[in-house]
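Residue numbers (our numbering), protein chains in the order written: chain A, 1 to 139; chain B, 1 to 139; chain C, 1 to 139; chain D, 1 to 139; chain E, 1 to 139; chain F, 1 to 139.
Since the hints were derived computationally from the structure, they do not count as laboratory data.
Please note that a few of the clues may not be correct.
If several chains are the same, the list does not tell them apart, and a pair holds so long as it fits within one copy or across any two.
Heads up, simulated DMTMM-like pairs for lysine to aspartate or glutamate below, C-alpha to C-alpha not over 25 Å straight-line [claimed, not checked]:
id	residue 1	residue 2
1	Lys73	Glu116
2	Lys34	Glu139
3	Lys73	Asp56
4	Lys73	Glu112
5	Lys27	Glu139
6	Lys27	Glu130
7	Lys27	Asp64
8	Lys27	Glu10
9	Lys27	Glu108
10	Lys93	Glu74
11	Lys73	Asp22
12	Lys27	Glu112
There are 6 protein chains.
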Amino acid sequence: MPQVHITRRERFSASHRLARPDWSAEKNLAVFGKCSNPSGHGHNYVLWVTVAGEPDPETSFVTDLSLLSRIIKERVIDHLDHKNIDVDVPFMKGRYSSTENLCLAIWEQLVEPVRELGVRLVTVKVEETENNYAEYHGE
Amino acid sequence: MPQVHITRRERFSASHRLARPDWSAEKNLAVFGKCSNPSGHGHNYVLWVTVAGEPDPETSFVTDLSLLSRIIKERVIDHLDHKNIDVDVPFMKGRYSSTENLCLAIWEQLVEPVRELGVRLVTVKVEETENNYAEYHGE
Amino acid sequence: MPQVHITRRERFSASHRLARPDWSAEKNLAVFGKCSNPSGHGHNYVLWVTVAGEPDPETSFVTDLSLLSRIIKERVIDHLDHKNIDVDVPFMKGRYSSTENLCLAIWEQLVEPVRELGVRLVTVKVEETENNYAEYHGE
Amino acid sequence: MPQVHITRRERFSASHRLARPDWSAEKNLAVFGKCSNPSGHGHNYVLWVTVAGEPDPETSFVTDLSLLSRIIKERVIDHLDHKNIDVDVPFMKGRYSSTENLCLAIWEQLVEPVRELGVRLVTVKVEETENNYAEYHGE
Amino acid sequence: MPQVHITRRERFSASHRLARPDWSAEKNLAVFGKCSNPSGHGHNYVLWVTVAGEPDPETSFVTDLSLLSRIIKERVIDHLDHKNIDVDVPFMKGRYSSTENLCLAIWEQLVEPVRELGVRLVTVKVEETENNYAEYHGE
Amino acid sequence: MPQVHITRRERFSASHRLARPDWSAEKNLAVFGKCSNPSGHGHNYVLWVTVAGEPDPETSFVTDLSLLSRIIKERVIDHLDHKNIDVDVPFMKGRYSSTENLCLAIWEQLVEPVRELGVRLVTVKVEETENNYAEYHGE
Numbered sequence: 001m002p003q004v005h006i007t008r009r010e011r012f013s014a015s016h017r018l019a020r021p022d023w024s025a026e027k028n029l030a031v032f033g034k035c036s037n038p039s040g041h042g043h044n045y046v047l048w049v050t051v052a053g054e055p056d057p058e059t060s061f062v063t064d065l066s067l068l069s070r071i072i073k074e075r076v077i078d079h080l081d082h083k084n085i086d087v088d089v090p091f092m093k094g095r096y097s098s099t100e101n102l103c104l105a106i107w108e109q110l111v112e113p114v115r116e117l118g119v120r121l122v123t124v125k126v127e128e129t130e131n132n133y134a135e136y137h138g139e
Numbered sequence: 001m002p003q004v005h006i007t008r009r010e011r012f013s014a015s016h017r018l019a020r021p022d023w024s025a026e027k028n029l030a031v032f033g034k035c036s037n038p039s040g041h042g043h044n045y046v047l048w049v050t051v052a053g054e055p056d057p058e059t060s061f062v063t064d065l066s067l068l069s070r071i072i073k074e075r076v077i078d079h080l081d082h083k084n085i086d087v088d089v090p091f092m093k094g095r096y097s098s099t100e101n102l103c104l105a106i107w108e109q110l111v112e113p114v115r116e117l118g119v120r121l122v123t124v125k126v127e128e129t130e131n132n133y134a135e136y137h138g139e
Numbered sequence: 001m002p003q004v005h006i007t008r009r010e011r012f013s014a015s016h017r018l019a020r021p022d023w024s025a026e027k028n029l030a031v032f033g034k035c036s037n038p039s040g041h042g043h044n045y046v047l048w049v050t051v052a053g054e055p056d057p058e059t060s061f062v063t064d065l066s067l068l069s070r071i072i073k074e075r076v077i078d079h080l081d082h083k084n085i086d087v088d089v090p091f092m093k094g095r096y097s098s099t100e101n102l103c104l105a106i107w108e109q110l111v112e113p114v115r116e117l118g119v120r121l122v123t124v125k126v127e128e129t130e131n132n133y134a135e136y137h138g139e
Numbered sequence: 001m002p003q004v005h006i007t008r009r010e011r012f013s014a015s016h017r018l019a020r021p022d023w024s025a026e027k028n029l030a031v032f033g034k035c036s037n038p039s040g041h042g043h044n045y046v047l048w049v050t051v052a053g054e055p056d057p058e059t060s061f062v063t064d065l066s067l068l069s070r071i072i073k074e075r076v077i078d079h080l081d082h083k084n085i086d087v088d089v090p091f092m093k094g095r096y097s098s099t100e101n102l103c104l105a106i107w108e109q110l111v112e113p114v115r116e117l118g119v120r121l122v123t124v125k126v127e128e129t130e131n132n133y134a135e136y137h138g139e
Numbered sequence: 001m002p003q004v005h006i007t008r009r010e011r012f013s014a015s016h017r018l019a020r021p022d023w024s025a026e027k028n029l030a031v032f033g034k035c036s037n038p039s040g041h042g043h044n045y046v047l048w049v050t051v052a053g054e055p056d057p058e059t060s061f062v063t064d065l066s067l068l069s070r071i072i073k074e075r076v077i078d079h080l081d082h083k084n085i086d087v088d089v090p091f092m093k094g095r096y097s098s099t100e101n102l103c104l105a106i107w108e109q110l111v112e113p114v115r116e117l118g119v120r121l122v123t124v125k126v127e128e129t130e131n132n133y134a135e136y137h138g139e
Numbered sequence: 001m002p003q004v005h006i007t008r009r010e011r012f013s014a015s016h017r018l019a020r021p022d023w024s025a026e027k028n029l030a031v032f033g034k035c036s037n038p039s040g041h042g043h044n045y046v047l048w049v050t051v052a053g054e055p056d057p058e059t060s061f062v063t064d065l066s067l068l069s070r071i072i073k074e075r076v077i078d079h080l081d082h083k084n085i086d087v088d089v090p091f092m093k094g095r096y097s098s099t100e101n102l103c104l105a106i107w108e109q110l111v112e113p114v115r116e117l118g119v120r121l122v123t124v125k126v127e128e129t130e131n132n133y134a135e136y137h138g139e
């Protein structure tokens, strides 16, 4: 049976700062550069979630995209959109807000609910700017 | 010998409707949502076809892109562009016009002619809107 | 007092056909080309609505963008999205569904409600494909 | 002599919050919506600066684009990129950080230095998200 | 009678060099920067042509877009696409290949044939890179 | 330990020509089409470089993106941007300037320096036009 991949794009606008509290301002600047600005900065993040499965013979859908979109909104976007990632987001507590960590945390938020839809989570991709993005494939 | 992947983008504008004739209007609305609108709707679909092979030592090309483009046009785009997918497209007869099924049908249309070019069909990707796309990798 | 222009982007996916019932199929094909396909085709239309006004001293907004977006959705998008323009859209009745006419009809749908927001409608722009768009500036 | 318009695109990633200190949290939420989140949020802003003038007969340039880009960077981008607009940006002090006010303030930052280049500032356009942008034409 | 603007996008890939033969290599480098590289460089140029007129009551079109596109191809694209602008393009002979001059020359190529279509040429816009474009409005 | 993929986008504008000196003009035209134009043409190439590794527990970064970007600039972009690929680029000497060969040559330029960053080079992707791109995955 053929496996088809389906990708849903969502967006969130958020602020953050990259700095370790146990490092000096100088060291934070040396390592994190302008991302360590004490009062923060922000991005229009773009999120792509890819799932895979067999098209349902009844509907020809791998999964109901409106359900998938609702799960992404409830589990991810509502927590991140128009928020400060370092302050407001429960599933990012205790993690630095790098794009890498966003990918890993969003994967954790989605892997179970996506499995309950009957499909497999394949990739979480987070774009921070038009020049940079991160992806996690679950391995 | 190195395998290089080459991707060609093409586009088609088409209409369709998602609904099962053996279901009531209510059930179609419940399952297919606004895609079940009786008089249909449409999209600017974007198609990416990826093939892989070794660059030819004579030309340094994996394949002649103008040939690949012509095959995609003759086997796929000419049948879909400015058409009603549910009515006008021979290779979609008997299939619901989900993006998943478009991927699978376009794969079938291309896999043989691409092999005759001396390369391997790797991915067919169909974007329905800027927020949704499907991919088939042949497995 | 400075006049600032604000633009809101919205999208709708719709089907349509360009053909005159009083012309033969041959004449329709000659004039409207592949757009005259009897069973129709469709597009992901993109709509940009531009309004102008003075920023409000209290809020620094020219207008409340969420209100503007709601007006566009209620007066335009809800009527067009996932619809057949020639069949389903009251404000397009009796007009051919060219991008030009979409611009003019959307202008008529918005000019009064936008005035009631206290701003001036400046431009309605409708993109049919990545290669074609129409604009109306009210003159 | 023909007047040609030249546009330069630049980008900045910044955080901000929309709220009046003299209003209650409830009123701020009612007026500014999710933009009033107390710990802020952010965007990848895109800036387009348009200038006009006659092409120089010696160079065929309206203006030296690398000079124009340097002025935009020194007068605007260096102050905004990877910053908190409400805290870090001298030319936004005392103004709410709406996209409208960003346009007006960036215009003020650029109008004189652009005139010294021998050209005329025509438009400042600031995109906040893919769905919203503001423009100021100097009137 | 309402005036509607219609824009057609076309593309061409071309090479060029910016340098004056009567200047030294040093002066050319100082004025034209990396654009003066002796063996040239190139771009994927994007061209937008905007025309205005009244929609025809018979067809609801301002103009036949396929005719407009053919004129742009024959008068502009066929001369520029996959060419060296400084060597191969008759209508650029004797002009430096700045984006400004491309706009002016393309305007001259199109203004008469567009008038013969019964519409008015409004804007020629040429994008050289994602960060730079020029426009000519005929004044 | 999770492996995260990080992608950096860079751009270069270059000219080139596809033709074999040991073939006649006719044969070059037959095989390479308009790409064989004797005086060349050019593109705005877009390059995506993907690397993979474990996020560093100290910084949460897979790698320092500013270092990765500097390596790409020094090893690739500085050699290609505003250059003639067939004349000016040491690492393309003796190779036809197909997009396939650009991918392979850029991979060779990057694989060692990326390894020294402590990560693994996964993909080099080069886009020649909005309709064509090539990718090399190292196999």
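Comparing the hints with the structure gives:
| no. | hint | verdict |
| --- | --- | --- |
| 1 | Lys73 / Glu116 | within (16 Å within a copy, 33 Å between copies) |
| 2 | Lys34 / Glu139 | neither (31 Å within a copy, 35 Å between copies) |
| 3 | Lys73 / Asp56 | within (24 Å within a copy, 29 Å between copies) |
| 4 | Lys73 / Glu112 | within (15 Å within a copy, 34 Å between copies) |
| 5 | Lys27 / Glu139 | neither (32 Å within a copy, 40 Å between copies) |
| 6 | Lys27 / Glu130 | neither (27 Å within a copy, 35 Å between copies) |
| 7 | Lys27 / Asp64 | between (48 Å within a copy, 14 Å between copies) |
| 8 | Lys27 / Glu10 | neither (35 Å within a copy, 28 Å between copies) |
| 9 | Lys27 / Glu108 | neither (31 Å within a copy, 34 Å between copies) |
| 10 | Lys93 / Glu74 | within (18 Å within a copy, 36 Å between copies) |
| 11 | Lys73 / Asp22 | neither (34 Å within a copy, 33 Å between copies) |
| 12 | Lys27 / Glu112 | neither (38 Å within a copy, 28 Å between copies) |
Of the numbered hints given earlier, the model fails hints 2, 5, 6, 8, 9, 11, 12; all others are met.
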